[in-house]
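**Q** Taken in sequence, the protein lines are chains A and B.
Remember, the working numbering sits 1 above the position in the first sequence when you count from 1.
Remember, the working numbering sits 28 above the position in the second sequence when you count from 1.
If you're looking for bench data, these hints aren't it; they were derived computationally from the structure.
As the structure is a prediction and not an experimental result, all values here were calculated from the model.
Each hint should be verified, as a subset may be incorrect.
Unchecked claim - Lysine-lysine pairs mimicking DSSO-like chemistry, simulated, CA-CA at most 27 Å apart:
#1 Lys472/B x Lys263/B
#2 Lys263/B x Lys39/A
#3 Lys143/B x Lys39/A
#4 Lys39/A x Lys472/B
As the list claims (entries may be wrong) - Listing some non-contacts, in silico: residues in chain A with all C-beta distances to chain B over 12 Å:
#5 Arg53
#6 Glu54
#7 Val63
The C-beta atom is built at its ideal place from N, Cα and C for all residues, glycine as well.
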Amino acid sequence: MTIIDIRTEITGNIWKIEAKPGDRLDEGDAIMILESMKMEIPVSAPEPGTLREILFEEGATVTEGTVVARLEA
Amino acid sequence: MRRLLVANRGEIARRVIRSARKLGIETVAIHSQADAGLAHVAEADFALEIGPAPARESYLDMDRVLAAASRSGADAVHPGYGFLSENAEFAARVAAAGLTWIGPAPETIRAMGDKARARTLAQAAGVPVVPGSQVVGAGSDLAGEAARVGFPLLVKAAAGGGGIGMRRVDGPEQLEQVVAATQSMAGKAFGDGSVFLERFVPKARHVEIQVFGFGEAGAIHLYERDCSLQRRFQKVIEESPAPLLPAETRARMAAAAVALCRHTGYRGAGTVEFIVDAESFEFFFLEMNTRIQVEHPVTEMVTGLDLVEMQLRLARGDLVPMAQEQVTVRGHAIECRLYAEMPERNFLPSPGPLTRFRPPAEAEGLRIDSGYREGDAVTPHYDPMIAKLIVHGRDRAEACDRAAAALVGFEIEGLRSNRGFLIACLSNPDFRRGDIYTGFIDDKRAGLLEPA
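Between the sequences and the hints, there should be enough to build the whole structure, so can you do that?
**A** Here's what the structure looks like:
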């Protein structure tokens, strides 16, 4: 059992959080949606697992490479 | 008109302030909390903060913008582009507040903003639209409809959208089978099996005509801009004249655009966008934008006219309607849009601080329009455009060379930009030949990303 750090690909604002701790996610399921420069970019589960933690709230600004969630795979 | 509120931000706000000042009009800037330090705020005679960073709580919030206009004592509003510029309700509310709206009448904005109505207006003015059929079914003369629309065509689900429920047909022999298959697929996917036919342009160019309407006193065109180089449906490089466009096509497009303006009694600056078949040069109406365009400097460079000044003077009532013969084109102009983005990662946005931002010095034939200065941050809240670099040359080759040289000398640090990608586009042999089309960047992306 491993814990995976989920990082953002881009700098942006967290527009919507789509999952909550305890959720079973498939690979590609959206955890949250970032909004940056008029684009919406999802942050998705890189592999199937259970979402353990979400480290930010909606509206927060995150920079590229920030760990925003943890997934137990 | 004594005091103008500019309902926008960044480079276009600065651009409007420049022309207003030339005419002796005072300017009012508005800004969100995120934009307090930007140049347009410092340059205006007055500045008001109107809300938090998100555009819907600031630049897109009509109540707040109108309150700022009232509080500042402005008697006119220029909307720039984007944000509220094509919002008919906003235009009407500006007028209802007793202020001068810099733009066409709200009814014109509303009509052109509705795709179906705009298409009907274009047809009524004799402007060619993309050939299409009504819903085709069991009783239709399928072969006849297809012949009228022309091949290649798309069979489209009436309930579809966004590329879903569409199939291409290249000739009459596949038609019946594809229509049946699309009907069945649409029935399952959308619960509605109706389909229609629409002409497909496999290799298309985006060419638009800049127009200026004087209302009752007629309209003129300021020739075309080719905006075929796009990524994610956003323009990257624009130029005028359009390369390799036959003179006769250009003249017919311009006449069609002017006819549409006359038909609607258009007032002010506008752009009639066309899709042009890159092989046959057939052209079809796409839409009309009822505002100043991002790429308007290209037209200003080749015609020597100041479009924003014309907008302001028309609204002020001291613009003498021009005759078409007064507009002439000299040389070639190209605009490159510098974006904060990562071309190598599918053009994902890359906001960040401009720790170093040194545009090349402006010179004859070189213009830089930017809302940012060194030390500013390009935030995730708004669009990724950092600057527009516009160059003029005696011909296209000279304009391309000058644009590339100016980009090489453009120092940007602190965020990722498409500067290198733009240089690669300008140096690409197909681009240099004028073989441009809307799929250019997608088709050639790998080659354009290689280090020069």
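**Q** Hints first: check each against the structure and report whether it holds.
**A** Against the structure, the hints:
With a CA separation close to 16 Å, the supplied pair Lys472/B and Lys263/B stays within the 27 Å bound. Of the supplied pair hints, the one linking Lys263/B and Lys39/A holds, its CA atoms being roughly 15 Å apart against a limit of 27 Å. Straight-line distance between C-alpha atoms of Lys143/B and Lys39/A comes to about 22 Å, which keeps the hinted pair within the 27 Å bound. For the hint pairing Lys39/A with Lys472/B, the CA-to-CA distance comes to about 25 Å; that is within 27 Å, so the pair holds.
In this structure Arg53/A is separated from chain B by more than 12 Å, as the shortest Cβ-Cβ distance comes to about 27 Å. Under the 12 Å C-beta cut-off, the non-interface status given to Glu54/A relative to chain B holds; the minimum distance is some 23 Å. At roughly 9 Å from the closest C-beta of chain B, the C-beta of Val63/A falls inside 12 Å, breaking its exclusion from the interface.
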